[in-house]
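Place chain B on chain A using the hints.
Chains as they are written, first to last, in our numbering: chain A, 1 to 317; chain B, 1001 to 1317.
Source of the hints: derived by calculation from the structure; they are not laboratory data.
Since we're looking at a predicted model, the values are computed, not measured.
Every residue gets a Cβ at the ideal spot worked out from N, C-alpha and C, and that includes glycine.
Treat each hint with caution, since some may be false.
Pulled from the structure, derived: some chain B residues nowhere near chain A, Cβ distances all over 12 Å [to be verified]: (1) Lys1021; (2) Thr1032; (3) Asp1044; (4) Met1060; (5) Arg1177; (6) Lys1215; (7) Pro1275; (8) Asn1302.
Facing chain B, a subset of chain A residues (Cβ under 8 Å, in silico) [unchecked claim]: (9) Ser147; (10) His163; (11) Asn249.
There are 2 protein chains.
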Amino acid sequence: MYNIGIDLGGTNIVSSVVNDKYEIISTAKVPTNSPRSADEIFDDIAMISQKAVREAGLTMDDIYSVGLGTPGTVNAEGEIEFANNLGFNHVPAAKMLEERLGVKKVFIENDANCAALGEAYAGVGDGAKDFIAVTLGTGVGSGVIVSGKIVNGVNNAGGECGHMVIVVDGEQCSCGRKGCWEAYASATALIRQTKKAMEDYPDSIMHKLAEEEGKVSGRTAFDAMRTGDIAGIKVVEDYIKYVACGVINLVNAFQPEIICIGGGICNEGETLLKPLRRYVEAERYSIHSKIQTKIVKAELGNDAGVIGAAILYMVKE
Amino acid sequence: MYNIGIDLGGTNIVSSVVNDKYEIISTAKVPTNSPRSADEIFDDIAMISQKAVREAGLTMDDIYSVGLGTPGTVNAEGEIEFANNLGFNHVPAAKMLEERLGVKKVFIENDANCAALGEAYAGVGDGAKDFIAVTLGTGVGSGVIVSGKIVNGVNNAGGECGHMVIVVDGEQCSCGRKGCWEAYASATALIRQTKKAMEDYPDSIMHKLAEEEGKVSGRTAFDAMRTGDIAGIKVVEDYIKYVACGVINLVNAFQPEIICIGGGICNEGETLLKPLRRYVEAERYSIHSKIQTKIVKAELGNDAGVIGAAILYMVKE
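Next up, chain A with everything else stripped away, as it sits in the complex (with noise of 0.2 Å):
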């Protein structure tokens, strides 16, 4: 059985080819150029999803259903209801995408769902039925499975953890909210920390590390750290600090057999995740019970979405 996984993103629009081993087989990509008109991009996106399936060698007549992942909040008809960075707002996704390639069974979700489904099942997960995807990107995105279902909510809304306040009255997040867990322990938090910190260390290493990357970056307070530099010690401290606090609410509120963590932050490996499981093992409420909450790094990277995508019809149908 083949499926199709979209992956329409702010930049790329991904389409793939996915057997019944959650393999990749063919892949094709085309620009989002956005903004453009809807029809011009689900027009892009049948072109390279034809062209992946004859890079295949199949027909459309092999493939059982066509899976899409898209930012924003898509609702229970397969339509994008708001996607503000491709100035989406009402696009009947599920019915232009059946129109154009002649295929019943199409299912559309939230990308960092489709993410987290795909790691659930086919990545790091391994076919855990209680799992969260969280991703340390430009925002903390996060998907949760329970019971091996997408936790959507009453309207396609759930699992917007990082929009859960760690600090009440705190920093302010693009949501309108202060003090959320994405405003602490993204990417973009990170460097808001470091650059704060460069301000209050003007003989910190990070001056010159951030000179020679042309920027400050999710690396510089980290890098800094591995030379013993002090401001970049305690950036790094404070923010995996944040970040654990974030992973322990989500322990405690699901305690799911696995939480992974994606994300470019993610390349850090264990110099992220070992500081991350001591946090949880000290604080989680669970310290009495003998199965507990496994944190990893995620594994599929950029192809978990269009696995997960390709997948959909597994929770969906």
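What follows is chain B alone, placed relative to chain A:
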């Protein structure tokens, strides 16, 4: 069909026979008299359960299942792993009830989860499949229902949303963390906040109100507010802001159909709920969704626990 629901509390044990319309048709009670051995306590549980069955004009042959709600953590085998205030450590509750009552279908669950299940199916939830019950009492209890099932997680310790931090490095919580929602939104926290304001405002009417009641209670600040007392208004406004912070966190993570609020503080009714809803409407992530989470008052009171216990078979079989 008849089921027995048992609420094993720190002070009293209640056993009720519940019919298939979720109605309690008989009830028997006994003091917990803790600390006692688990054997003695379970002998009493069996005794009152048999009494409730007799008073309903039934025999044990009419009973389809027995459900028990207990404080603490319960594992998948129906063992109470740890219940601090009962002094229980690895008590095989399901086996002990089965032996004493001769009923094969026995289900054990955390008491907050039973109360949530009761409200979701038989109370204010009216069968909602995505539902959260929050109890603002000595602590902040919560039970979470997703797709009609209790969120237990991998170790049956899930749903402890009172122990999600809302203030990093904030007030010490009894669970060991600092800044938990419970440490700001429980009745205990409200009393602490009231006492603090009384120190800061020696002329506040709260001093007189507390003297009349013989203590500072969860009502003191609310009653003072109603007289126009500045300190009382300030305490209540801050308290509701903290309650709202956690409720919005739950909305963003779960987007349930309903969040119901119970516990002593809930007697304030719309005085609490109206400003709470205003916060939620202003801050929820799902601003563009047509369907939104309803925030309502719990309606079953103490009956939620026994009814939820009696219908555990519906979600656990």
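Okay, the hints, checked on the actual structure:
For B/Lys1021, the non-interface assignment is confirmed: its Cβ lies about 26 Å from the closest Cβ of chain A, beyond the 12 Å cut-off. The beta carbon of B/Thr1032 sits about 21 Å from the closest Cβ of chain A, which is more than 12 Å, so the claim that it is off the interface holds. Non-interface status of B/Asp1044 relative to chain A is upheld: no Cβ of that chain comes within 12 Å, the nearest being about 25 Å off. Consistency note on B/Met1060: stated as away from chain A, and its beta-carbon is indeed over 12 Å from all of that chain's, at 32 Å minimum.
Consistency note on B/Arg1177: stated as away from chain A, yet its beta-carbon is not over 12 Å from all of that chain's, at 5 Å minimum. Annotated as non-interface, B/Lys1215 keeps its C-beta farther than 12 Å from every C-beta of chain A; the closest such distance is 28 Å. No Cβ of chain A approaches the Cβ of B/Pro1275 within 12 Å, the least distance being about 16 Å, so the stated non-interface status holds. Under the 12 Å C-beta cut-off, the non-interface status given to B/Asn1302 relative to chain A holds; the minimum distance is some 25 Å.
With a least beta-carbon distance of about 6 Å to chain B, the hint placing A/Ser147 at the interface is held under the 8 Å criterion. For A/His163, the interface hint holds, since its Cβ comes within 8 Å of a Cβ in chain B; the closest pair sits about 5 Å apart. Proximity of A/Asn249 to chain B holds as hinted, the smallest CB-CB distance being about 4 Å (cut-off 8 Å).
When the structure is compared with the earlier hints, a violation turns up for hint 5 alone.
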